[in-house]
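Asks: Modelling step: build the complete structure from the supplied sequences, incorporating the hints.
Those protein sequence lines, which keep their order, are chains A and B.
According to numbering that gives the first Met the number 0, the first sequence is numbered sequentially starting from 0.
According to numbering that gives the first Met the number 0, the second sequence is numbered sequentially starting from 0.
Think of the hints as simulated: they come from the structure by calculation, not from any bench.
Heads up, a few of these hints could be off.
What the hints assert, rightly or not - Pairwise CB distance ranges, derived in the manner of DEER restraints: (1) 290/B to 140/A: 37 to 47 Å; (2) 207/A to 21/B: 35 to 45 Å; (3) 310/B to 248/A: 39 to 49 Å.
Don't be surprised by glycine CBs; every beta carbon is placed ideally from N, CA and C.
Protein chains: 2
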Amino acid sequence: MNGTLQLADIEEAARRIAPYIARTPLLHSSSIDAQAGGRVHFKCENFQHVGAFKMRGAANAVFALDDATAARGVATHSSGNHGAALARAARLRGITCHVVVPEGANPVKVESIRRLGANIIECEATMRGREQALAEVVARTGAAVVHPYADYKVMAGQGTVAMELLDQLEQPPQVLLVPLGGGGLIAGCATAAKALQPGIRVIGVEPEGAADAAASFQAGKIVPVERPKTIADGLRATVGEPNLAIIRRHVDAIVTVPDAAIIAAMRLLFERLKIVVEPSAAVGLAALLEGKVTLDGGTAGVVLTGGNADLDRLPWMMENVQ
Amino acid sequence: MNGTLQLADIEEAARRIAPYIARTPLLHSSSIDAQAGGRVHFKCENFQHVGAFKMRGAANAVFALDDATAARGVATHSSGNHGAALARAARLRGITCHVVVPEGANPVKVESIRRLGANIIECEATMRGREQALAEVVARTGAAVVHPYADYKVMAGQGTVAMELLDQLEQPPQVLLVPLGGGGLIAGCATAAKALQPGIRVIGVEPEGAADAAASFQAGKIVPVERPKTIADGLRATVGEPNLAIIRRHVDAIVTVPDAAIIAAMRLLFERLKIVVEPSAAVGLAALLEGKVTLDGGTAGVVLTGGNADLDRLPWMMENVQ
Chain A
0 MNGTLQLADI
10 EEAARRIAPY
20 IARTPLLHSS
30 SIDAQAGGRV
40 HFKCENFQHV
50 GAFKMRGAAN
60 AVFALDDATA
70 ARGVATHSSG
80 NHGAALARAA
90 RLRGITCHVV
100 VPEGANPVKV
110 ESIRRLGANI
120 IECEATMRGR
130 EQALAEVVAR
140 TGAAVVHPYA
150 DYKVMAGQGT
160 VAMELLDQLE
170 QPPQVLLVPL
180 GGGGLIAGCA
190 TAAKALQPGI
200 RVIGVEPEGA
210 ADAAASFQAG
220 KIVPVERPKT
230 IADGLRATVG
240 EPNLAIIRRH
250 VDAIVTVPDA
260 AIIAAMRLLF
270 ERLKIVVEPS
280 AAVGLAALLE
290 GKVTLDGGTA
300 GVVLTGGNAD
310 LDRLPWMMEN
320 VQ
Chain B
0 MNGTLQLADI
10 EEAARRIAPY
20 IARTPLLHSS
30 SIDAQAGGRV
40 HFKCENFQHV
50 GAFKMRGAAN
60 AVFALDDATA
70 ARGVATHSSG
80 NHGAALARAA
90 RLRGITCHVV
100 VPEGANPVKV
110 ESIRRLGANI
120 IECEATMRGR
130 EQALAEVVAR
140 TGAAVVHPYA
150 DYKVMAGQGT
160 VAMELLDQLE
170 QPPQVLLVPL
180 GGGGLIAGCA
190 TAAKALQPGI
200 RVIGVEPEGA
210 ADAAASFQAG
220 KIVPVERPKT
230 IADGLRATVG
240 EPNLAIIRRH
250 VDAIVTVPDA
260 AIIAAMRLLF
270 ERLKIVVEPS
280 AAVGLAALLE
290 GKVTLDGGTA
300 GVVLTGGNAD
310 LDRLPWMMEN
320 VQ
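Replies: So, in structure tokens, the structure goes:
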């Protein structure tokens, strides 16, 4: 936790979380390859426990705690996949988990956090409301806060995605495309990938409507987007300080994609790979289909981050429904 | 082709088609297991080439032809997965394929058959119209007809699904649940499963609105359903004569499920397994969730037949859209 993240941390995470996570498959589709102009290997974290890569970071953070700290429980604020992942990790370790969720959060996701045994605390749907409610829980219980991305143990856990992907391929891909929200996944993945395959290009992909990391990458400091607006709800967070530092060290470029391209890519993954992914998972393929990243017959690894789509409101049907 | 189907035919099919088909994975979900009352292994033929198990039977039929016969091409009538499978198998062998499709067929499916290189012949949307158009093509070209299910080579190819499933499990399941339309899949699967694991129970599952096989099984002769009505469009066909004979020899029971249960099971497969399946694929899980088949802590193999769902009209959203 001393401000660096190295391959050894990710290797340690891989050993620590192995009993609690799934080794997810790589899939490909020759018709998608034809459209993308090269072979595309999709790393299917939509098949991960709780339906998202978040399980890796949460498990690493929870199982790295010493027994005395763990005994006081863990806490976070999240209305999405990190909350469910932390709840499951805590249950696996047999400790209490508190999740602060903003009012108006998706009831299906909140219910799934509750089903995983977490104590739910409702708060105002503002960042200040979340932080206040979390501070109160911590003051009351002494729980350890596990931040969704600005946490080195979480980043190390997420980095196992790239390590596993490289281990599953005989030839490493030339490019690794990673969705970018708060930057936990890409910080871990870029650290692992550059250490294992120095020649690989690591590219972050952001929605156009939440392109704070692209701006921050260029400016060299956090440039928040006031009101992020994108269908990719998992990528609305502002990039974290420690995440940005690692991204600037290891990531080659950040590209952005419009929501229409995200929706088209999501639909193509349903149609051709026959898998369910959430909008945030589709940004990597969107970048390929939009020509933001070109393969020229080469190969790419693309991380599909999660599969917790709202099946009653799939985005390509929205114009019909509304 | 002498009126019998044996394990050796299926083993021969497995060797013949190996280069042309995918060995599809088995998936499971602990939350589905809890609802079904036992461990359920799903055989994911939605990931098969052309998105359905039909590729197996079509490949076996096409590659079993002698060169002189093959040179005159193959033909069938189909508006669905068999047409696409036959088109792909013919293209792989480098021969012509004619597919008779009824007017008004789903344009997406017809387009995918065309993309696979088949010659499309439109006909009236009646069984007589289909048969007449097919007879004309055969008279004109000398093409070999590959029936979607009443064909021993097709049945042998489909039987490789069960052979593969049993090979992928260390312990064979107590029950094998197989969707039942024309009866090609279950004839092959029951023959393979009973030869390899005589103690296994093989159960066919039909939609209530197209329960001709259940009636025929009991009556000992074909009892067609005049106007089949079910969301499971792949299971509307009337069971074939040779299929029924094999089903009566090897299948333990046929159960039926209502469309509401099929839709609920389909949604659960999207939600928990994060995979795309078509309605016909969901009948096996529907039978478990409806209590038509009980596991009592045992294990089941369930064949998920295909993934070519209409993504613009997912059935659980229809009440919103219409």
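Asks: Evaluate each hint against the coordinates.
Replies: For each hint, the structure was consulted:
The hint said 37 to 47 Å for the Cβ distance between residue 290/B and residue 140/A, and at roughly 43 Å that hint holds. Separated by about 36 Å at the C-beta atoms, residue 207/A and residue 21/B satisfy the suggested range of 35 to 45 Å. For the hinted restraint 39 to 49 Å between residue 310/B and residue 248/A, the CB-CB distance of approximately 41 Å keeps it satisfied.
In this structure, every one of the numbered hints holds.
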